[in-house]
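Protein chains: 2
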Amino acid sequence: MKQSQLFTKTIKKEIKDEKSSNAQLLIRAGFIDKLSAGVYSYLPLGWRVLKKIENIIREEMNEVSGQEVLLPALHPKSSWTKTDRWKYKEMFKLKNRAQKDFSLGWTHEEIVTPLLQKFVQSYKDLPVSVYQIQDKFRDELRAKSGLLRGVEFLMKDLYSFHQSEKDLDQYYEKVKKAYFKIFQRCGILKQTYLTLASGGTFSQYSHEFQTITPYGEDQVYLCSKCKLAINKEIIKKQKYQCPKCQSKKLEEKKSIEVGNIFKLMDKFSRAFNFTFKDRNGKEKPVLMGCYGIGLGRLMGATVEVHHDEKGIIWPESMAPFQVHLLLLEKKKAIKKITEKLYQDLQKSNVEVLYDDRENVSAGEKFIDCDLIGIPYRMIISEKTLSKNCLEIKKRDKKSKKLIPLSKFLKT
Amino acid sequence: MKQSQLFTKTIKKEIKDEKSSNAQLLIRAGFIDKLSAGVYSYLPLGWRVLKKIENIIREEMNEVSGQEVLLPALHPKSSWTKTDRWKYKEMFKLKNRAQKDFSLGWTHEEIVTPLLQKFVQSYKDLPVSVYQIQDKFRDELRAKSGLLRGVEFLMKDLYSFHQSEKDLDQYYEKVKKAYFKIFQRCGILKQTYLTLASGGTFSQYSHEFQTITPYGEDQVYLCSKCKLAINKEIIKKQKYQCPKCQSKKLEEKKSIEVGNIFKLMDKFSRAFNFTFKDRNGKEKPVLMGCYGIGLGRLMGATVEVHHDEKGIIWPESMAPFQVHLLLLEKKKAIKKITEKLYQDLQKSNVEVLYDDRENVSAGEKFIDCDLIGIPYRMIISEKTLSKNCLEIKKRDKKSKKLIPLSKFLKT
Chain L
60 MKQSQLFTKT
70 IKKEIKDEKS
80 SNAQLLIRAG
90 FIDKLSAGVY
100 SYLPLGWRVL
110 KKIENIIREE
120 MNEVSGQEVL
130 LPALHPKSSW
140 TKTDRWKYKE
150 MFKLKNRAQK
160 DFSLGWTHEE
170 IVTPLLQKFV
180 QSYKDLPVSV
190 YQIQDKFRDE
200 LRAKSGLLRG
210 VEFLMKDLYS
220 FHQSEKDLDQ
230 YYEKVKKAYF
240 KIFQRCGILK
250 QTYLTLASGG
260 TFSQYSHEFQ
270 TITPYGEDQV
280 YLCSKCKLAI
290 NKEIIKKQKY
300 QCPKCQSKKL
310 EEKKSIEVGN
320 IFKLMDKFSR
330 AFNFTFKDRN
340 GKEKPVLMGC
350 YGIGLGRLMG
360 ATVEVHHDEK
370 GIIWPESMAP
380 FQVHLLLLEK
390 KKAIKKITEK
400 LYQDLQKSNV
410 EVLYDDRENV
420 SAGEKFIDCD
430 LIGIPYRMII
440 SEKTLSKNCL
450 EIKKRDKKSK
460 KLIPLSKFLK
470 T
Chain W
60 MKQSQLFTKT
70 IKKEIKDEKS
80 SNAQLLIRAG
90 FIDKLSAGVY
100 SYLPLGWRVL
110 KKIENIIREE
120 MNEVSGQEVL
130 LPALHPKSSW
140 TKTDRWKYKE
150 MFKLKNRAQK
160 DFSLGWTHEE
170 IVTPLLQKFV
180 QSYKDLPVSV
190 YQIQDKFRDE
200 LRAKSGLLRG
210 VEFLMKDLYS
220 FHQSEKDLDQ
230 YYEKVKKAYF
240 KIFQRCGILK
250 QTYLTLASGG
260 TFSQYSHEFQ
270 TITPYGEDQV
280 YLCSKCKLAI
290 NKEIIKKQKY
300 QCPKCQSKKL
310 EEKKSIEVGN
320 IFKLMDKFSR
330 AFNFTFKDRN
340 GKEKPVLMGC
350 YGIGLGRLMG
360 ATVEVHHDEK
370 GIIWPESMAP
380 FQVHLLLLEK
390 KKAIKKITEK
400 LYQDLQKSNV
410 EVLYDDRENV
420 SAGEKFIDCD
430 LIGIPYRMII
440 SEKTLSKNCL
450 EIKKRDKKSK
460 KLIPLSKFLK
470 T
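Keeping their order, the protein sequence lines are chains L and W. Quick note: the first sequence uses the numbering used here, first residue 60, plus one each step. Quick note: the second sequence uses the numbering used here, first residue 60, plus one each step.
Worth double-checking, as some hints may not be accurate.
The list treats identical chains as one, so a pair stands whether inside a single copy or across any two.
Stated by the list, open to error - Below, in silico cross-link-like pairs of lysine-lysine (DSS-like), each with a Cα-Cα straight-line distance of 27 Å or less:
| hint | residue 1 | residue 2 |
| --- | --- | --- |
| 1 | K240 | K343 |
| 2 | K406 | K110 |
| 3 | K406 | K240 |
| 4 | K110 | K240 |
| 5 | K75 | K159 |
| 6 | K136 | K235 |
Bear in mind the hints are in silico, worked out from the structure with no lab data behind them.
Given the sequences, and given the hints that come with them, work out the whole structure.
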C-alpha cells in the first residue's frame, strides 16, 4: 500500500487521556482510535494486525477440530435466568421498544449450551467443540489500559463438549498446547507463563496465560523451577508456596492475562438439563470446557512487550506489512527504481507499505517508520544504487545491510 | 469436512415460528439458528456462506480503493447529538453503571465523520473511502422475515469523502458498478434492479438495489424499457409514471432491498464542521457518500431466489462447499475409493462436504443433500465403479453424468 493513500497520519504529541504504552503507541502510529473509554476503532493498520491475529487463532482452533460459528451479541434475558447470571454487574442490560429485556454478551456459555443441546443427543455426537471470533461487551469501570481492558472487545471463545472427564482432560491439554502455539506464533511465548488460577466449584485449578511485562495490570508469582506462574488468589491460599514443588523462592511480577482455559464440567449442562445417552442408554450430563483469548488484548500485550522509546516493534507474524519501503530522494532514477521494487515485492507476495509521500522530510519518514514498527525497512539511495544494492534494516537491530537489488527485482 | 463430524443435523419438520422460505430452509438445513426475533446464530455451514459473501464484498470494496476499518458498535450519546439523531426510534439505548448514555450502532456516519475529520485537512487528503464489515443493531418490531429483517445483522458500510460534487458523482457511479459486480458474483444479478428512491434533502434520488422475488417485503415498479425499478415513495410522487421515459407501463413486483447507496453531500460534514482547505486555501465542507449492503440479508435474498420445494440451490460463489460427496454403500471397496476421492478433491483445493455418516439411509442422505443445496453431488456406486466412473449431478439440474474417476483421483 502507498502511504500517501493511507488515510491515517501519525501523531507526534503524547495522547492526553491514555496512560498505557499500548494505547499511546497504537493511537500515535494510527492503528487504533479511541471513541470512548475502553471502546476503540481499528484503523487500516490496526485492522491488518487484527486479521493476522485472527488467522493465527483460527488456524490453531481448526487444528483442535473447532467448528467456527458466529453467535449473537444481543441476548434475551431468558438465556441468562437459568444460570442465575442475569444479576452479573458488568453485563450491559437494555430493553427493546416492546419492553423486552436484553443483555449484551460478555461470554456465551448461556447461548452455546442450549444451541448444542438441540443437536447432541448421544455419545456418538461427542466430543464436539465450537468457537467464534466475535465482539463482547463488559460494563467496565476501570477501562484505563488501552486494548488491555476493553468495554467492547473482540474475543475468540471456544467451547468443548464431552462424555467423560477423561475426554475433557485430554482435550483441555490439547487446547493448552494450541494456546502456547498461538503465543509462540505471536512472538510472546518467552514472556508467557501457564498460570494456576481458581478452578471454581468443580476443578482444583483453571489456567490463565500470563504475559510478564512491567506494564501489566495483573500480578503473578513465578516459580522458575516449575516454569509456572501462580495468580494472586491461589498464592494466598497456598501461603506463598509453589503448589507443585513447595518452593518459597517465587518472583513477584506484573503481567497481562492473554488467555484463560476452564473446565466447566457439568455446571452449564445441569442448568440447561443438557444430557446425552451413553453406550448403555443411560442419560448423563454433558461435560464442558471453555477457552478464551482476547484479540485486542493480545495486540495490546504484544505492543507492551515489543516496543522501545521510538515506537512499536512488531513480530513478523502480526505486522501490518512485512516491509516498510522509504523513498527519501527526489531524483527521478531513484524514484523509478524504488517504485519498481515496490511493484516487484508485491508480485512476490511481500506485503509492503511504501512511503511515497512528497513534502515529507527523510527525518520524519524515519520517525514514522520506527513508530509504526514494521519488521524490515528498505531504502534505495544514490549511494546504495551505485553498488546495485538496497539498504535493509531490521526494526529491532541497529545494523544495516546492503543487499543486491537483483535479489528482489524481477527482470 | 466429514458430515459425521459436523455438529448440526438437518431438521425434517417445519419450523413453527418462521414464515419466510429463507428462515425455514436455512434453519432446517443447519445454516442458522434463531435466538430471538431477528437475532440469529450462524452455524458452521452458515458461517462458511457468510465468509464467502464477506470475501466477495471485500474484494469489490478494495477494487474501489476502500480502506477497511472496524468501528465500535457501542456509541456514546455525544456522537449522536450533533446530528440530532439520538431521538431515532429504532436505535437501542442503554446506560453503563456510571449512568452514561450509549446506543448500539445501526449506522456509522456519526462515528466515521469525526474520525476522518481527525486526519483530513487538505484537498490533498481527498478523495478517501473507508468501509467495514460489522454488526449493526436495530430495534425492529416486525422482525418476521428471517435474515431479511434483522434486529442484529452484519453489514458492510462504505463511506466516501470528496472535495467536489463532480468527484463524488464519479465515485458514486464506480460504487454502483461494484454493487452490480457483487450481485453478479452472488448469482442474483438477473433478479436485481437499480431502483430510484428518495434522495433526502440534497439529491433528487438515492438508489436501492432491489431483488425481485414473490417473497419480498418491499414493492417496486419495474420499467422494462429503462431496466429500472422505482420504489413506492417515488412512484407516488411521479403519479405512476417512469421518471425517465414517462412510460405508464410499469409492472408491480415484490422485492427485497439488497443494497442502497446515498449521496450524503455535506449533511454530516456540516453537523461536525468537517472542512478541508482547497487549492486556494479556502475552507470548504467535505462531501460524503454512503453505501450499504447487509450480508445476512444478501444470504436470505439468495435463498429466496434460489430454492425449490426440496431445499436451497446455492450459487457456486456462495456455497458452503462446492461438492457434496455421498457414501451410500457399505461395501469396503466403495468406501475406500470414496474416501480417496474425498482426500484427492481436497488436495485439488475443492471444498467437499463428505457424507460419511453410518446408520443413515441413502434416502435420507439424498433428502439432506437437496436441502443443504451444495452445487455438485458426487456418488461412487458399484455400478459407476464398474465403469471406472463417478456419478455427478448438479443441484439445479435433473440429469446425472458419469465422469471418469481418473479426472479427479490422484495417482
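Hints, verified against the model:
1. Taking the shortest Cα distances, K240 and K343 never come within 27 Å of each other, neither inside one copy (34 Å) nor across copies (52 Å).
2. For a Cα distance limit of 27 Å, the shortest separation of K406 from K110 qualifies both inside one copy, at 21 Å, and across copies, at 25 Å.
3. In this assembly of identical chains, K406 and K240 lie within 27 Å of each other by CA distance solely across copies; the values are 25 Å between and 30 Å within a copy.
4. Taking identical chains as interchangeable, the C-alpha atoms of K110 and K240 lie at most 27 Å apart whether they share a chain (17 Å) or sit on different chains (25 Å).
5. Only between protomers do K75 and K159 lie at most 27 Å apart by alpha-carbon distance; the minimum there is 21 Å, versus 40 Å within a single protomer.
6. Neither within a single protomer nor between protomers do K136 and K235 lie at most 27 Å apart by alpha-carbon distance, with minima of 33 Å and 41 Å respectively.
Checked against the numbered hints above, the structure breaks hints 1, 6 and satisfies the rest.
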